[in-house]
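Chemist: Protein chains in written order, with this note's numbering: chain B, 1 to 279; chain Z, 1 to 279; chain H, 1 to 279; chain G, 1 to 279.
Just to be clear, a hint being listed does not mean it is correct.
[Unchecked claim] Facing chain Z, a subset of chain H residues (Cβ under 7 Å, in silico):
{"no.": "1", "residue": "Leu-7"}
{"no.": "2", "residue": "Glu-165"}
{"no.": "3", "residue": "Asn-167"}
{"no.": "4", "residue": "Arg-223"}
{"no.": "5", "residue": "Ala-228"}
{"no.": "6", "residue": "Val-270"}
[Said to hold, decoys possible] Per the computed footprint, the stretches of chain B lying under chain G, defined by three or more beta-carbons under 8 Å from a beta-carbon of chain G, are:
{"no.": "7", "segment": "145-152"}
{"no.": "8", "segment": "193-207"}
{"no.": "9", "segment": "222-235"}
{"no.": "10", "segment": "256-269"}
The hints are simulated quantities; they were obtained by calculation from the structure and are not laboratory data. Backbone N, C-alpha and C define an ideal beta-carbon position, used for all residues, glycine too.
Protein chains: 4
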Amino acid sequence: MEYASDLKLVSRHAKAEDTVVRVGDIAVGGPDPVVMAGPCSVESHQQTLETAERVQRAGAVMLRGGAYKPRTSPYSFQGLGAEGLRILESVRDSTGLPVISEVLDVITFDDVGAAVDVIQIGARSMQNVSLLRRAGASTKPVLLKRWMSATLEEFLFAAEYILAEGNPNVILCERGIRTFNDYTRFTLDLAIVPELKRLSHLPVVVDPSHAAGRRELVLPLARAAIAAGADGILVEVHPEPDEALSDGRQALTFDMFDELMATITHFVPVDRTGSTISA
Amino acid sequence: MEYASDLKLVSRHAKAEDTVVRVGDIAVGGPDPVVMAGPCSVESHQQTLETAERVQRAGAVMLRGGAYKPRTSPYSFQGLGAEGLRILESVRDSTGLPVISEVLDVITFDDVGAAVDVIQIGARSMQNVSLLRRAGASTKPVLLKRWMSATLEEFLFAAEYILAEGNPNVILCERGIRTFNDYTRFTLDLAIVPELKRLSHLPVVVDPSHAAGRRELVLPLARAAIAAGADGILVEVHPEPDEALSDGRQALTFDMFDELMATITHFVPVDRTGSTISA
Amino acid sequence: MEYASDLKLVSRHAKAEDTVVRVGDIAVGGPDPVVMAGPCSVESHQQTLETAERVQRAGAVMLRGGAYKPRTSPYSFQGLGAEGLRILESVRDSTGLPVISEVLDVITFDDVGAAVDVIQIGARSMQNVSLLRRAGASTKPVLLKRWMSATLEEFLFAAEYILAEGNPNVILCERGIRTFNDYTRFTLDLAIVPELKRLSHLPVVVDPSHAAGRRELVLPLARAAIAAGADGILVEVHPEPDEALSDGRQALTFDMFDELMATITHFVPVDRTGSTISA
Amino acid sequence: MEYASDLKLVSRHAKAEDTVVRVGDIAVGGPDPVVMAGPCSVESHQQTLETAERVQRAGAVMLRGGAYKPRTSPYSFQGLGAEGLRILESVRDSTGLPVISEVLDVITFDDVGAAVDVIQIGARSMQNVSLLRRAGASTKPVLLKRWMSATLEEFLFAAEYILAEGNPNVILCERGIRTFNDYTRFTLDLAIVPELKRLSHLPVVVDPSHAAGRRELVLPLARAAIAAGADGILVEVHPEPDEALSDGRQALTFDMFDELMATITHFVPVDRTGSTISA
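All chains, full assembly: derive it from the sequences and hints.
Modeler: In structure tokens form, the structure reads like this:
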């Protein structure tokens, strides 16, 4: 497809070589795909530390965990908020793992931005223009998730809002789109990985956990994402998934995560470089 | 369908009789459907006043107009902002028409809230929890648009966030969902009108302009919405649609709006009361 | 939208005036919308006759009933087949109501074609090219249903197959498309009514029963379809819906059908003629 | 998900071990994924033979080619029909490659069935009950494509129709579903591969060509399909894609196919057996 001519900064016309987003000594968009893992929600220091140590041992290089949770129902657990951020900071100090967590609004942006290494803008916020602009004024890397019914162009335009404000460190994340399918929570759209990399220089990662909504499908989808050329994956892991305060159905057990990590490198394209896929 | 048991305040179990949202002496959710019309964007005092006077003469009871516009591209016209609010206030003073306009974030909430009679939360903000909570703490009526891929339950939960904070004056608005259809911008889901009225006591209006994306389809869809039991319609009208700074393709000309108003009352169900449709 | 230039016979470029399909002394596509009603499946002579007499008394002008049923499961009731056709013929003799029934394949085409007044090609057969060609070689009127994920263009091309073989008597029928919606069986796409009538001269009817999948939504959707300019509606009615061998959940009771017929004419556009809606 | 209890023969409850469909000495559903390749349409003996020899040299084990083509427009190339079948037979004789081709209706079923090694039932025919029953009465292996808006359950029920008639040799094929995406022709739903293999014992292959609709996306999607656990892929290849009489946009050039084959085995799960993925 030919994309909107007014897509400027995110396009390969503006920058031919791949953008590599550096988080400490981790390179997102470099030759090696990265694995970011952790619980959907930060529930306690113990749960977060235990998960962080285990995923780190298995090979994860970044810890994910939600402190501010956007929930469908006002009566569902909304996250620990500031306390969750403190837990993430403490666990990073113990493990050395950089942390990524979602920011919900401009009000709490500074608190979240100060606490984390990568700011996540969730799918439901992908077209929250004020939040995109605020993230663009930050110097922290931003992981931008695709809204579950965003077209490829709308997704790139959301990233354009961030770059236009001066922050070039954006990681795009496919997490499934809404379709008529009823056996998964969303439908993972892997074709967007090579297409985004063809049109844009930004790194692209995939979240198979939210797409599948069921842990037994996460492993094959994670393998497929890497095989399709993704620069990394974002996976939910929990010590006791069935006890999780949110999305337990899709969280991997520690053993399943070990199995994933033991096999995932097998699926890295031999000819991989961020842009080899573009035709 | 049986809906989530934790939907509380918005459900007919909590309140059996229809909620009537009063805006000045207008009753949204009462026996007569209401027509809210105006330009997509407030572009100038002249354009706004001219449109307001013309739609008022034709029978519209509320003026719609965007001051803060959420746009896909950062390079598109973003609205006149505060200046647009001043224009809306001035046109209300001249015409006596209450005004409705969209609020994009918590930062500008107070300014927009102080200026308008009905606060619009746009489709893209339907799951912006911070904004929903802020609107719930307000005393102004809120028109909540359905996000283009929200399920019926997600839509009602978004309204629940507002009621849960103490503001009972919520108007639900269907504006089309995203499907594979390629001949309209979105697909208008009219079945949700009777279903929402069956499950909830809140008034339901329909925006055929954004759904169709093309003015020649707005009139039949507006008639269909009223026939399906909608409590009102929200329609875009512009003095010179082809010169509009946004969404001109879907704006009605003054003559088309006159034709709509001349015929719309014909489609009001004879047995209409907010809840007759519920089975 | 500009439609495919190789759409020939179905387009208004080929024929500007509306096509009126005559079935006995009924005119589909004329000034008055027509109501076709009956059970999903012909289950017995008694059930079919009782339903036919009741819907006729209420104002229906054509009897619908399935003899050959396309079912998702091979273990579901597949219809009475030839016996069902005999029942339809007998009930037509008693009531004088023309009958419409679905044909599933070229093998049974002649039997169905000889028995009914209007041949229905179901949604699942909309792109069954052999069946479309066979129907094109027939002299009987054909009601062609839109496949639940057909684009507007694919729908018109399916009709083009029939006209290209020499049969001009095609009635287009919208019956809902597949979307992410989970509170209805399908999503009724009413915008296609005015759009089809703008692009084509063929009459357009709507089936609100299959779209809704729930009887309590059929009445408002039927009203909306007529208000949007449909040339008629196709509605499922059953003496005891909860005892129906197929789709009972969406069948109207006799009393609900009476209510529908008592109010439906109220929604006929005053300025109605098949083509007024085209812009 | 728990699937319909009346899914019988296709389920793992009926047969725990994987079904391996044998085509000559090829095993579909065995330890090694199979690659079926060839032109969308058989256009000439020369084009078909040249393509067959080239894909065979690269490692394909089966030749695909359409003789009877289901086309959206009656004015598009409809395939060479019987002449196309003769070409496929001749090329099989020269190369030894078994051939797979689509059957459109019960009328031509015997001719197609006699000529090919695997009968393909296309997506648009997935719910053509008469055709499914006829295929069930055959002894030839059947490749059943998923209709672009079939739910997982509808897909398995279509296969159930075939098994219920006595033919156990069914290969399921995912080829993309219809969504709002506008940068690909369809959206490839890879999660269905592990889910089908968990619920059913039938082999599952993937057609990345029709899903993508653009050749530059076929290679990454083919790799992803294999990584997700598919038992094989079905790929379109053409000597001169831009001269193809159908779907040239998505056909691989010979060189692209060589690149695909040179790398595809890299993505076969090390722990692969048809059922390892089931949780």
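Chemist: Take the hints in turn and mark each one as holding or not.
Modeler: Here is how each hint holds up against the structure:
| no. | hint | verdict |
| --- | --- | --- |
| 1 | Leu-7 | violated (13 Å) |
| 2 | Glu-165 | violated (26 Å) |
| 3 | Asn-167 | violated (25 Å) |
| 4 | Arg-223 | holds (4 Å) |
| 5 | Ala-228 | holds (4 Å) |
| 6 | Val-270 | holds (6 Å) |
| 7 | 145-152 | holds (count 3) |
| 8 | 193-207 | holds (count 4) |
| 9 | 222-235 | holds (count 7) |
| 10 | 256-269 | holds (count 4) |
The structure shown violates the earlier hints numbered 1, 2, 3.
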